[in-house]
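Engineer: Chain residues, written in single-letter form:
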Amino acid sequence: MTHADRPGTRVAVVWCRDWPVVAAGIPADEPGAVLHANRVVASSEAARSVGVVRGLRRREAQQRCPELAISERDLAAETRSFEEVLLAVEAFTPRIELTQPGTCLFDIRGPSRYFGGDQTLSGQIIDAVDRVLDGRTVTAVGVADGVFAARIAARSRSANPTIVPAGESPEFLAPLPITLLDRPELTSVLWQLGLRTLGDFAALDPVDVLGRFSREGLSAHRRAAGLDDRPPDATDPPEDMTASMAIDPPVERIDQAAFVARQLAMQLHDRLSARGAACSRITIEAQSEHGESFVRGWRHEGALSVAALTDRVRWQLDGWLNASPVVRPTGGLSFLSLRPEDLLPASGRQLGFWGGETEADQRAGRAVARLEALVGVENVQVAEWRGGREPDDAIGLLPAGTVDLAERQVQVLDERPWPGRLPSPSPVELFSEQPIDVVDARGQPVTVSGRGEASAAPCSVSVDGRRWKRIAAWAGPWLLEERWWDPERARRRARFQLVDEDGTAMLAFIEDGGWWLGGTY
Amino acid sequence: MAVSAELRAQLSRIAPVVLAAEQILPVPEVFEPLLPGGGLQRGWTLQVSGDSSARALAWGLLGGVTTAGGWIAAVNVPGISLAAAQEVGVAVERVLVVSSPAESWAATIGALIGAVDVVVFGAPRHRVTPSEHRRMASRARERGSVLVELGAPVPKGRDSQLQYDLAFDVQPVAWSGLGEGHGCLLGRELDVTATGRRVGGRPRTGRFALPGELGTLDYLGPPAELADVRSIRSVR
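Chains A and B supply the protein sequences, listed in that same order. Quick note: the first sequence uses my numbering, first residue 10, plus one each step. Quick note: the second sequence uses my numbering, first residue 119, plus one each step.
One chain only, chain A, in its complex shape (with noise of 0.2 Å):
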């Protein structure tokens, strides 16, 4: 048997439903959808039934389901959330391979031996993954030859686990409408053209479908066929390419990470593009400075891009490092590799069919390339939304360099988890460590009491020493106690705004017995 007819290896795809909205904290059973670019992603099943479905705009989605409740996509935090249930998978076995936050798979031929049948292993993870799960959502289990037949194995609604028998995978597809290819630019030709189904594609000539659609076409027609399913010309690495590096001082804390992460993924990029290649699937290796190892691979579908590297290591990275505190790395982390596991020729970016990245985001991309090397890669930076109560802690400054310019979206949550948070408008202005004075009518500090009360109404106020100022409007004081857990940030502060005499509205506040400038208006 070549390499060309080989049937897939056979996996086990573990899917759970929706996965996007279960990140983003909607509950399975109230409508709700996740956006990403103004349109819907990924719906709740009660969205659903009311017609709220893929592909959708905000608008059209609110006029379908008026109550519904409506989160931006966040990428990295529905990679963080799922990492509980990949640790639930990984007690059966170690080599395990995302895709996207969600949908995991692993080679099933071992763990299906040692722990007694397909049937029997996939029931054990569905019970392991539903306890971590705790019904949040559905866990579904596809065990086929071949990832794609595993994949449609895994979201098929008859029976759960669906188990396609070996050496099955292209009669359990054929019959199947073409449509799940997922590809609607060659769906829709091969509809036009009177296939319906994935048998009636996979009956075409392999030459034929190659002429006429390259290799994007061939690749989806050999998924159709239950055939191996990595790209034709894929291969494993002649040599070890791993790209590895000591961290010293090792890292913490995310926004650390992902700088390393970077420089990696760039270090991998040119290493294969020196051998005019990319790859598509990678394993991503930590070790803390306690010597414990993490190991996580990553798959996608075609080559992946530096940005996509980058922000696959950062997801991960991020994973480990806000994982729950049993399974969390008990030091920094000192030590990271990339193993790309196949190789593809690389045949440049591939840029979505519709949209995508712009030519202005392009036009940015190249000119942050050019700024790092000008003023440093850390003064160049992008909004990342942190969430906090006060206004420098909401929206925060990353490096842009560590993040993929065109697939970023900030998200936006309102108000609704931060209690204690000022509403809007926030300070145009902020200030760190800087002095104010604040007196009432007797030229007294004013002061606030354990209790939360002012000492006195606040009448002047000079900022740096300078000139005294009446104090026209005032309120508070609104008292923020955070994080009193952790010494380094925790925070203790009783905030006030005042109007001064010139119509200066400023943001103070007392800390640690002083009178703070916060921001202004």
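Since the hints were derived computationally from the structure, they do not count as laboratory data. Just so you know, these numbers come straight off a predicted model, no measurement behind them. Here a beta-carbon is modelled for each residue, glycine too, at the ideal position from N, C-alpha and C. It is possible that part of the hints are untrue.
Just the calculated beta-carbon pair ranges, DEER-fashion [to be verified]:
| no. | chain 1 | residue 1 | chain 2 | residue 2 | range |
| --- | --- | --- | --- | --- | --- |
| 1 | B | Arg245 | A | Gly474 | 24 to 30 Å |
| 2 | A | Asp511 | B | Cys302 | 15 to 21 Å |
| 3 | B | Gly333 | A | Arg476 | 31 to 37 Å |
| 4 | A | Ala283 | B | Pro248 | 44 to 50 Å |
| 5 | B | Ser222 | A | Met254 | 38 to 44 Å |
Rough simulated footprint, nothing fancy, chain A against chain B, three-plus residues with beta-carbon under 8 Å [what the hints assert, rightly or not]:
| no. | segment |
| --- | --- |
| 6 | 208 to 217 |
| 7 | 293 to 300 |
Mind docking chain B on chain A? Use the hints.
Structural biologist: Just chain B, lined up with the frame of chain A:
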């Protein structure tokens, strides 16, 4: 030579037509009273001066550029608050925040012109010669980026020495929502005066709510026709 003339004629026929509207960057409608032609023309050089509320105007004015898919770069804007920018309509995922030392300042601005649609920069701490300034402005005109300088309040009686296409001076008028010991800041009213080359001899003025008490951006009218609410609201 005949061939080249023919070629030139051919070229001019097939050259893409640049419509005037394509040279205008989208600006929220409320600011139209301030802008000659109702929009920001690519290649203009702007100044926005006043206390910190000037930034609210700048972000409000530029928000439309980002939501239409364009990019803004903010160079050396101390204490930048993207949360505030987001509240007045800026899509902050398309804002680059750059800090640059004095020696590479000009090169930084130069690299950004043409690469992003709007370059906002804090008033430089070091001396920028008029010729450097002219070079920047002409490069911006050529490449179609808008330059916006966030200036300190202009001292009374002295005009800015540099020529801007548009210069906005922002004066805070009143705050609503805050009392004496109660309430919280809700809305800001400010007066904006637009001067500069593109306005001509008569400055344009307007009073704006940025934001109004309901969180929207509103044009309230010409300040001369409105009572000076400042004295009413802040002196009780």
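Engineer: Hints first: check each against the structure and report whether it holds.
Structural biologist: Against the structure, the hints:
no.	hint	verdict
1	Arg245(B) x Gly474(A): 24 to 30 Å	27 Å, holds
2	Asp511(A) x Cys302(B): 15 to 21 Å	20 Å, holds
3	Gly333(B) x Arg476(A): 31 to 37 Å	33 Å, holds
4	Ala283(A) x Pro248(B): 44 to 50 Å	49 Å, holds
5	Ser222(B) x Met254(A): 38 to 44 Å	29 Å, violated
6	208 to 217	holds (count 9)
7	293 to 300	holds (count 6)
Violated hint for the displayed structure: number 5, the only one.
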